[in-house]
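Undergrad: Spelled out, the chains give:
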Amino acid sequence: MKTVLVIGGGVTGLKTASELAEMGYNVSLVEKEDYLGGQVVRHKYYKLAPDLRLAGDVIDPVIKAVESNSNIKVHKHSHVVSVSGSAPEFKAKIKNSKGETEETFGAIVVATGFDHFDPTVKQEYGYGRFKDVVTNSEVEEMLNPNGPTKGELKRPSDGKVPKKIAIFQCVGSRDRQVGNPYCCRVGCVVSTKQAIEIKEKYPDSEVYVYYMDMRMFGRGWEELYGKAMEEYEVIFTRGRGAEVTLKNQQLSLRAEETIMDRPIQHSVDMIILAAGMAAGDGTIEAAKVLGIKQNDYGFLAPKDDFLSPNESSKSGIYIAGADKGPMDIENCIVEGAAVAAKVAGKLKN
Amino acid sequence: MAENTDKMVIDGVELTGIWKEFLPSRILYEDVTTEFLDEVKKLPGGSTILKCYQCGTCTGGCTLPDFVDKFNPRRFIDLVRRGHYDILVNENKDLVWKCVSCQRCTHRCPKGVNTQEVVRAIAKFLEDRKVFGKLTNDEAFDEVFMEEVIEDGRIDEVKIVKDFYSKTGRLKDMMSADQLSLGFKMLTSGRIKLFGGKIKDWKKVSQRLKEELQ
Numbered sequence: 001m002k003t004v005l006v007i008g009g010g011v012t013g014l015k016t017a018s019e020l021a022e023m024g025y026n027v028s029l030v031e032k033e034d035y036l037g038g039q040v041v042r043h044k045y046y047k048l049a050p051d052l053r054l055a056g057d058v059i060d061p062v063i064k065a066v067e068s069n070s071n072i073k074v075h076k077h078s079h080v081v082s083v084s085g086s087a088p089e090f091k092a093k094i095k096n097s098k099g100e101t102e103e104t105f106g107a108i109v110v111a112t113g114f115d116h117f118d119p120t121v122k123q124e125y126g127y128g129r130f131k132d133v134v135t136n137s138e139v140e141e142m143l144n145p146n147g148p149t150k151g152e153l154k155r156p157s158d159g160k161v162p163k164k165i166a167i168f169q170c171v172g173s174r175d176r177q178v179g180n181p182y183c184c185r186v187g188c189v190v191s192t193k194q195a196i197e198i199k200e201k202y203p204d205s206e207v208y209v210y211y212m213d214m215r216m217f218g219r220g221w222e223e224l225y226g227k228a229m230e231e232y233e234v235i236f237t238r239g240r241g242a243e244v245t246l247k248n249q250q251l252s253l254r255a256e257e258t259i260m261d262r263p264i265q266h267s268v269d270m271i272i273l274a275a276g277m278a279a280g281d282g283t284i285e286a287a288k289v290l291g292i293k294q295n296d297y298g299f300l301a302p303k304d305d306f307l308s309p310n311e312s313s314k315s316g317i318y319i320a321g322a323d324k325g326p327m328d329i330e331n332c333i334v335e336g337a338a339v340a341a342k343v344a345g346k347l348k349n
Numbered sequence: 350m351a352e353n354t355d356k357m358v359i360d361g362v363e364l365t366g367i368w369k370e371f372l373p374s375r376i377l378y379e380d381v382t383t384e385f386l387d388e389v390k391k392l393p394g395g396s397t398i399l400k401c402y403q404c405g406t407c408t409g410g411c412t413l414p415d416f417v418d419k420f421n422p423r424r425f426i427d428l429v430r431r432g433h434y435d436i437l438v439n440e441n442k443d444l445v446w447k448c449v450s451c452q453r454c455t456h457r458c459p460k461g462v463n464t465q466e467v468v469r470a471i472a473k474f475l476e477d478r479k480v481f482g483k484l485t486n487d488e489a490f491d492e493v494f495m496e497e498v499i500e501d502g503r504i505d506e507v508k509i510v511k512d513f514y515s516k517t518g519r520l521k522d523m524m525s526a527d528q529l530s531l532g533f534k535m536l537t538s539g540r541i542k543l544f545g546g547k548i549k550d551w552k553k554v555s556q557r558l559k560e561e562l563q
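Taken in sequence, the protein lines are chains A and B. Here the first sequence stands for residues 1 to 349, where the numbers follow my numbering. Here the second sequence stands for residues 350 to 563, where the numbers follow my numbering.
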């Protein structure tokens with residue numbers, strides 16, 4: 001049985017599908033939205049850290065590799081509603097607006113990814129109450145020339161370009177209050193990148209980052225952090241944003257400068273919340289349909305984190321990418337290729 | 350934006366205001382500004398202030414804290430970057446000057462901050478803002494020293510001590526018994542001379558120096 005079902009048309013699923021197709025396997029790619037590219041396309045990511053290269057330069061070739069390969073059948077706007085059987089023969093029902101079809105597969109790869117954390121829960125930050133408190137994915141859309149503001153950073157309340165901007169790190173990450181005690185792994189570098197983009201576009205603006213730790217562990221991330229500080233004069237303040245209020249009709253944040261042992265109140269024009277990663281709806285749905293194990297936070301649990309990182313708790317079902325936990329695009333592509341190799345090896349016998 | 354959390358009126362009663370009256374604000378400082386950072390980074394030696402990521406290597410290895418409590422280069426840098434001008438002046442203006450330029454901080458800084466120069470730049474920044482008021486002994490001595498060098502091209506020990514005491518308004522102290530006996534001992538042992546030698550044609554150099562310093 002040389003047909004593989006890939007669930008999820010984000011960067012991981014796309015990479016898996018194209019790698020498997022290149023090796024001669026037939027692939028069915030199921031995507032719930034009507035476009036490919038996942039969160040990258042959904043939130044119109046503009047530039048990628050740390051090189052500030054265009055996200056399109058990365059995602060477009062990956063999408064094209066899938067669309068141009070005749071071994072891949074793409075089901076957009078579709079869901080996998082039920083799966084029966086076991087390795088090496090699964091029967092999966094794929095449902096879309098036209099109806100249901102049943103297909104047989106030798107293996108299933110789950111690449112359902114993540115969702116951005118919804119900061120409405122963090123009431124003290126006033127997301128949803130104050131228009132000028134926005135998330136980092138909204139800023140990403142704004143900074144994209146094809147986005148709603150044509151690449152201009154504008155305050156949602158009055159459409160003006162903000163002069164003082166504060167960025168709150170770790171919103172919905174490292175936070176037991178919302179049940180996400182893990183690190184989102186990309187918030188630090190994304191905020192640093194956005195701060196640089198803002199300073200590059202509006203040199204007169206002031207960007208303040210409120211952080212607990214700057215976790216710059218990736219390739220070129222620490223260097224980007226240094227660049228933001230030295231060349232772009234982004235002000236990093238150690239201290240987690242505590243609350244946002246309105247003072248004289250202006251946004252006012254409270255935090256402690258822990259280095260200085262000093263609580264402060266700081267008036268700004270716009271606040272960007274670096275919302276972390278949560279297990280996506282698709283991931284939770286897939287876990288339910290397939291009956292595979294999740295960890296405490298809803299992400300999919302590998303059979304063995306060290307020895308078989310891409311195998312789920314069920315034989316024949318594989319997992320890859322940000323549905324296993326927060327992951328950056330670079331590593332998602334690695335995961336996609338890795339799981340493709342694993343599946344190909346298994347199906348060959 | 351309609352909501353103003355400064356005031357919260359429920360059933361005609363303003364609630365937050367009442368609380369604020371007997372709960373003193375915890376906020377010690379309002380607003381953050383890059384005004385002072387912009388000034389310091391333009392001063393000679395101040396440009397590397399931007400590189401600092403507050404690891405504390407400088408203060409950790411500093412020569413001074415054994416002798417000068419609270420001398421903390423990392424803190425000076427952070428105060429300037431955050432624009433906490435009041436703390437810088439009230440708590441640190443007499444500290445910033447005490448750096449002995451041993452350069453341990455500069456050599457050890459993992460981020461390439463020229464810490465000693467930055468501390469000097471911060472001191473210069475404070476001096477330019479005239480926060481010191483009355484001259485400290487250190488500054489008075491520096492001034493007398495410079496004047497002497499420009500005037501005579503060399504240091505005359507007796508003259509510099511006399512000028513220093515007169516500058517700080519303590520000529521009386523100079524004539525105290527122990528000072529005089531110390532002076533006498535130094536004179537007889539040849540440590541100091543009553544009349545220092547002159548440098549030939551120094552007038553021209555002095556003139557040129559003064560022009561240059563104008």
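Among the hints, erroneous ones may be present.
Stated by the list, open to error - Using 20 Å as the maximum straight-line C-alpha spacing, the simulated EDC-like pairs for lysine to aspartate or glutamate come out as follows:
no., chain 1, residue 1, chain 2, residue 2
1, B, Lys400, A, Asp269
2, B, Lys460, A, Asp269
3, B, Lys391, A, Glu233
4, A, Lys247, A, Asp269
Source of the hints: derived by calculation from the structure; they are not laboratory data.
Undergrad: Hint by hint, note whether the structure agrees.
TA: Okay, the hints, checked on the actual structure:
Note on lysine 400 of chain B and aspartate 269 of chain A: the hinted pairing is violated, with a Cα-Cα distance of about 26 Å set against a maximum of 20 Å. As the CA atoms of lysine 460 of chain B and aspartate 269 of chain A are separated by approximately 31 Å, the hinted pair breaks the 20 Å bound. With a C-alpha separation of about 13 Å, the suggested pairing of lysine 391 of chain B with glutamate 233 of chain A holds against the 20 Å cut-off. About 11 Å separates the Cα atoms of lysine 247 of chain A and aspartate 269 of chain A, which keeps this hinted pair within 20 Å; it holds.
Hint check: violations occur at hints 1 and 2; the rest are consistent with the structure.
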